[in-house]
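Asker: In the order they appear, the protein sequences are chains W and G.
Just so we're aligned, residue 1 is where the first sequence starts under this note's numbering, counting upward by one.
Just so we're aligned, residue 1 is where the second sequence starts under this note's numbering, counting upward by one.
Source of the hints: derived by calculation from the structure; they are not laboratory data.
All C-beta atoms in this analysis are idealised placements derived from N, C-alpha and C, irrespective of residue type, glycine included.
Do not rely on the hints blindly, as some may be mistaken.
Unchecked claim - Derived coverage of chain W by chain G (criterion: at least 3 residues anywhere in the stretch with Cβ under 8 Å from a Cβ of chain G; other residues may be distant):
#1 12-21
#2 76-90
#3 219-227
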Amino acid sequence: MSGARVSSACAAVLRRDLLLAWRRRGDMALPVLYALIVATLFPFALGPEAQLLARIAGGVVLVTVLLAMLLAFDGLFRPDLEDGSLEQLMLAPQPLPLLLAMKIAAHWLTTALPLMVIAPLMAGMYHLPWPAMKVLLLALLIATPLLSLLGAVLVALTAGTRRSGMLLALMLLPLCVPVVIFAAGAVTAAQQGLPWVAPIAWLGAALALALVLAPLACAAALRIALDA
Amino acid sequence: MTDTSAALLEARGLTFLRRDEPVFGPVDFALRAGEVALIEGDNGSGKTTLMRVLTGLLHADEGSLLLYGEPLSVERASGELAFLGHQLGLKLELSPLENLRVAAGLFGQRKGVSPASALASVGLAGYEHEPVRRLSAGQKKRAALARLLLIPAALWLLDEPYANLDREGIALVNRQVERHAHEGGAVLVTSHGAVTFLNGAYRRIALAS
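Only chain W is shown next, with the shape it has when bound in the complex (with noise of 0.2 Å):
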């Protein structure tokens, strides 16, 4: 008998994850129609006045996107409960954080890099220029991830309930809240020519600070979720 080492564990999860998205891909699609079609009707709403358009372009790119992911999270964990493939993680001889952590990687590569795909070309159409668009994508970069994580364990927290969409939602806001103020502020600093290292800066801490603990916090609800 051979027991599994924990990269091999951590790549199969991850494999998996991957591949169910690919054969879903039908789905992964659909945050990515919203975040066009909301970045769309903006400037039919508001004009086409290039000042203005730039001037919201940080904020409408960042809250579409944000919206998008909130869209996928239902995914992240409810079909792998009402399958039994929860079961089967958790009484796998692995530590469980780690291998939610795959799950929570799989879905950002497959949610949100697709939204940073096309994120510039939403910013393009507000006429952005290169400069703060560069901080934008850094936002975006270090943001979304950061949001996965929170809402990961937020999705752990609710996997008991029914319908939890909506609780979802409400409790995901808050947490929102300071990511979206610092990720804009960088972007409004950079357009104005200010220095917008600081607001990054926190939003790496707060990402890196996420990614120890987001995990933990997940193994822990999904734990409870199941002992119910």
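Put chain G on the given structure of chain W with help from the hints.
Answerer: Same frame as chain W, now just chain G:
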């Protein structure tokens, strides 16, 4: 194994309450390596709940549960036991082979058994690359049974393993269970008691509702 050595799994006065009403218990048993035991009870007598308690996923309210003589926790039990529940833990979009590869990655695999050979021995040769969604209920069950053959766990907890299986499938489960016990493993099987498919005089643990 001698009498002094710790049993693989031992329950002492195990009781589970839901809203202060006992779901089952108190249950006492000891399962040694090489033993097979049948848990019998009517619908709603708490067989599935007992199984989930035995995996360590669910905590009992009273009594104690020992694995190799040490208190059982989900961390301690992980890797030692293989659980087959009503939810099979298979991903419908993936093929049986892909599902088994994930299991092998998580749990490791027995010497001399590969995902493909495990599938062949449950009669799923030729369905390796078919998405599990397209398999029949009985074939899904067989794919889940292949996982038991693949992963190196000493204790099998099988919750209603006969559901959805045809006569050949039932014989297959019995062969698997006997072989596993013969190789030094231990098996707990639940059954609603109307029909018992296991042949041989196995110990029965009755759950009263």
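Asker: Please list, smallest to largest, the hint numbers that this structure does not respect.
Answerer: none
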